[in-house]
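First to last, the protein sequences are chains A and B.
Just so you know, we're using the numbering used here here: the first sequence kicks off at 1 and counts up by one.
Just so you know, we're using the numbering used here here: the second sequence kicks off at 498 and counts up by one.
Straight-line distance between alpha carbons at most 30 angstroms, and here's what the computed DSBU-like set of lysine-lysine pairs gives: (1) B/K770 - A/K373; (2) A/K476 - B/K770; (3) B/K734 - A/K476.
Derived CB-CB ranges, DEER-like: (4) A/P363 - B/R741: 26 to 36 angstroms; (5) B/Q687 - A/T278: 44 to 54 angstroms; (6) B/P613 - A/P438: 25 to 35 angstroms; (7) A/E442 - B/A785: 23 to 33 angstroms.
Derived by calculation from the structure, the hints in this document are not laboratory data.
Every residue gets a Cβ at the ideal spot worked out from N, C-alpha and C, and that includes glycine.
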Amino acid sequence: MLTRAHAFALTGLDATPVEIEVYTSLKPKNPCFTIVGLPDKALQEARSRIRSAAFAAGVDTVESLLLVNLAPAEVRKEGAGFDLPIALAVLAGHGAVDERLVDEVAAVGELAFDGRLRPVPGILSIAEAAVRAGRPVLLCPVECAAEAALVPGCQPLGCESVQHAVRVLRGESQPTTPTASPSGPLVVAPDLADVRGQPGARRALEICAAGGHNLLMIGPPGVGKTMLAKRLPGILPPLNDEQALLATRIHSAAGVLPAGAGLVRVPPFRAPHHSATTPALVGGGTRIRPGEATLATGGVLFLDELPEFRRDALEALRVPIEDGVVRISRASGSVVLPSRFSLIAAMNPCPCGGGGPQGCTCPRERVIAYQRKASGPLLDRIDVGVRLERPAPEVLRVDRPETTTVVRERVCAARDRQYARGVVNGLLPVDLLEHVAPLSGECTQLVDEAVRRLSLSPRGIHRIQRVARTIADLAKSDAIAPAHVAEAIAVRLGAIA
Amino acid sequence: MIAPAPGDPDYPERLHDLADPPGRLFVREPVDAERLRALLAPPLVAIVGSRSASAAGIAFASRLAGELAASGVGVVSGLARGIDAGAHQGALDRGGRTVAVLGCGVDRDYPSATVPLARRIAVDGAILSEYPPSTPPAPFRFPERNRIVAALADATIVIEAAARSGALITARLALDLGRDVLAVPGAPWQSGAEGTNLLLKDGALPLTGAADALVALGFDPGTTRDDDPAVDGSARKVLAALRREPASADVLAARCGLTSSAAAALIAELELKGLLVRELDGRLVPTA
Numbered sequence: 001m002l003t004r005a006h007a008f009a010l011t012g013l014d015a016t017p018v019e020i021e022v023y024t025s026l027k028p029k030n031p032c033f034t035i036v037g038l039p040d041k042a043l044q045e046a047r048s049r050i051r052s053a054a055f056a057a058g059v060d061t062v063e064s065l066l067l068v069n070l071a072p073a074e075v076r077k078e079g080a081g082f083d084l085p086i087a088l089a090v091l092a093g094h095g096a097v098d099e100r101l102v103d104e105v106a107a108v109g110e111l112a113f114d115g116r117l118r119p120v121p122g123i124l125s126i127a128e129a130a131v132r133a134g135r136p137v138l139l140c141p142v143e144c145a146a147e148a149a150l151v152p153g154c155q156p157l158g159c160e161s162v163q164h165a166v167r168v169l170r171g172e173s174q175p176t177t178p179t180a181s182p183s184g185p186l187v188v189a190p191d192l193a194d195v196r197g198q199p200g201a202r203r204a205l206e207i208c209a210a211g212g213h214n215l216l217m218i219g220p221p222g223v224g225k226t227m228l229a230k231r232l233p234g235i236l237p238p239l240n241d242e243q244a245l246l247a248t249r250i251h252s253a254a255g256v257l258p259a260g261a262g263l264v265r266v267p268p269f270r271a272p273h274h275s276a277t278t279p280a281l282v283g284g285g286t287r288i289r290p291g292e293a294t295l296a297t298g299g300v301l302f303l304d305e306l307p308e309f310r311r312d313a314l315e316a317l318r319v320p321i322e323d324g325v326v327r328i329s330r331a332s333g334s335v336v337l338p339s340r341f342s343l344i345a346a347m348n349p350c351p352c353g354g355g356g357p358q359g360c361t362c363p364r365e366r367v368i369a370y371q372r373k374a375s376g377p378l379l380d381r382i383d384v385g386v387r388l389e390r391p392a393p394e395v396l397r398v399d400r401p402e403t404t405t406v407v408r409e410r411v412c413a414a415r416d417r418q419y420a421r422g423v424v425n426g427l428l429p430v431d432l433l434e435h436v437a438p439l440s441g442e443c444t445q446l447v448d449e450a451v452r453r454l455s456l457s458p459r460g461i462h463r464i465q466r467v468a469r470t471i472a473d474l475a476k477s478d479a480i481a482p483a484h485v486a487e488a489i490a491v492r493l494g495a496i497a
Numbered sequence: 498m499i500a501p502a503p504g505d506p507d508y509p510e511r512l513h514d515l516a517d518p519p520g521r522l523f524v525r526e527p528v529d530a531e532r533l534r535a536l537l538a539p540p541l542v543a544i545v546g547s548r549s550a551s552a553a554g555i556a557f558a559s560r561l562a563g564e565l566a567a568s569g570v571g572v573v574s575g576l577a578r579g580i581d582a583g584a585h586q587g588a589l590d591r592g593g594r595t596v597a598v599l600g601c602g603v604d605r606d607y608p609s610a611t612v613p614l615a616r617r618i619a620v621d622g623a624i625l626s627e628y629p630p631s632t633p634p635a636p637f638r639f640p641e642r643n644r645i646v647a648a649l650a651d652a653t654i655v656i657e658a659a660a661r662s663g664a665l666i667t668a669r670l671a672l673d674l675g676r677d678v679l680a681v682p683g684a685p686w687q688s689g690a691e692g693t694n695l696l697l698k699d700g701a702l703p704l705t706g707a708a709d710a711l712v713a714l715g716f717d718p719g720t721t722r723d724d725d726p727a728v729d730g731s732a733r734k735v736l737a738a739l740r741r742e743p744a745s746a747d748v749l750a751a752r753c754g755l756t757s758s759a760a761a762a763l764i765a766e767l768e769l770k771g772l773l774v775r776e777l778d779g780r781l782v783p784t785a
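Please model the complete structure; the sequences and the hints are all you need to start from.
Here it is in structure tokens:
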């Protein structure tokens, strides 16, 4: 007999409906279990898990002939999430559950040999696809139910095991209700006041947080570059509903969301190691996975030891930084993933690091070559550059670091002004710049002077204009004053060797 | 391409002061004979120094060349990175005369770091060499080239130089020719001051500004001095603090009692006016 179940295939961040057809023959000459429809290795191995789980549910399939078809046939299906829907269709084929009940719902989940259900990645995308496909009832592992419930219209039924799922379908058992709250725990970022003696760098961080600009920190090891970067999520405003849903979807699809964590409200902080490959940074691989650039969406991508990163990996980041999206092309089509983040890069000032007791011992030419090479691929994407050094006693004496709370209030106020205009300054399109960030005669004169002295490109000019807009927003000023432009130029100069 | 040889009317007469004057003087297109005569007319100074000079040294070279160029003095140098490039650049930026003498064929793009500058000089100044076109650069050609630099100029100015360096060779050649040599004095702990202080001990004239060069050339410097671009109260205070001792932005802000943001704005203002430069280690150094 023929039974049906409904599942979803995850590609990038999107899930597409997959119809599962199972042909069951109980008295065949040659028993077998075949899955067709581009299954990957994990899905091929589902046969063993399904047989064992079905046995645990009281159905022996060893003597049966089972043909499983996954449609549409040309879409690749990956992962263990198909275990539960296939198992339900198999059980229906053996008369253990009414086939019509199975046909009505969508299902997802990995099976253990004893029939227990294990969570799978990408639940948020799957739940959205389930609602779109008109099957809002989703049988899923208990750990995934809370996440699925975040999607408006979705009715997740959390199940402990395939046996439990059958009883839930028959109406003999209640689904297990998720316990986690829909809003994730607010992990407290370390406080900005811990960074003493770096007033210039703290100010640069505040500007970047307020306008979503990209920052380059240059300084010897141990002066606080990483400390500062880790404090950036703390001074960013929490993600709004739309941003939170997107971030959660991404983290869920990448399988990095802790079970029952709920919505991601804290701006993500991603710090890939400098050995990261291009696919690890921007996404890709045979099974298209979001890269660090996508995982950092809504938050911070921190590249420590910038010169140590592979050049091709950095080159690949240029488009995501400029356009806010990653495009991954495959023969079968292309996938577009979001990648809107603040880039924070850190590097030593020279090959020796300058951290020794005598400071830097490198010849001048090597220092210049190092700084050029290091920042080369990304330099024209950097808005703000800052030099850090060991805090001098005279700086420590007068420096009164503000707490994260105080700085975040200013940042949030500046962001509110930007949201009221419709777009964050770091992402202001060029055609809106003249409208949103007009420069007075005196300001234009300053910019012209900078262009002449620094041979700035038009892109460089736009970056200065955006940062000046942010500095004015931090000062609660509607107009951009010459002092704002001057500071924007000063922080831009810090990025150039 | 013009290539005057000894005896030609366009061959610079001063080169005859050399014991071994160049056999020909190749000039990169599009400079013609008349233009070359104008560019090589006195007064000319040579400005030379280290390739790996400090940012402040390069800025000083630019400023000095600019002020001299504005007073009608042409600037000769060797188109190397550092001081040479700064001097050419400064003269061009003020619309003055500048001439680069190469240690390779005039059609070579060498050194690569100064290629864009070379293209400007070829049009607004002149690029010369005694070597035929396409001659590759070689270490022995640079000291040879230096004798032409020294001979073309009325005086040679050394800004930053190591104790053994091409700039010092140029200075000694100039002395041999009986031309004036001026050197910028420096503190003994500054790496670029070694060579110039050595020259001063040997009797070179100290130079701290364009006026010293103009006096050496026999001009009255009184009316030609550039005034400082106007800077207001707090910028003046910042500049004064840096003149006492160069410092990073954070230290500067602490010393002047300014917020980071106010200090940054003032620094940008001064930097754009060319009154301070950033060294590679992030310290801010006044240029005058």
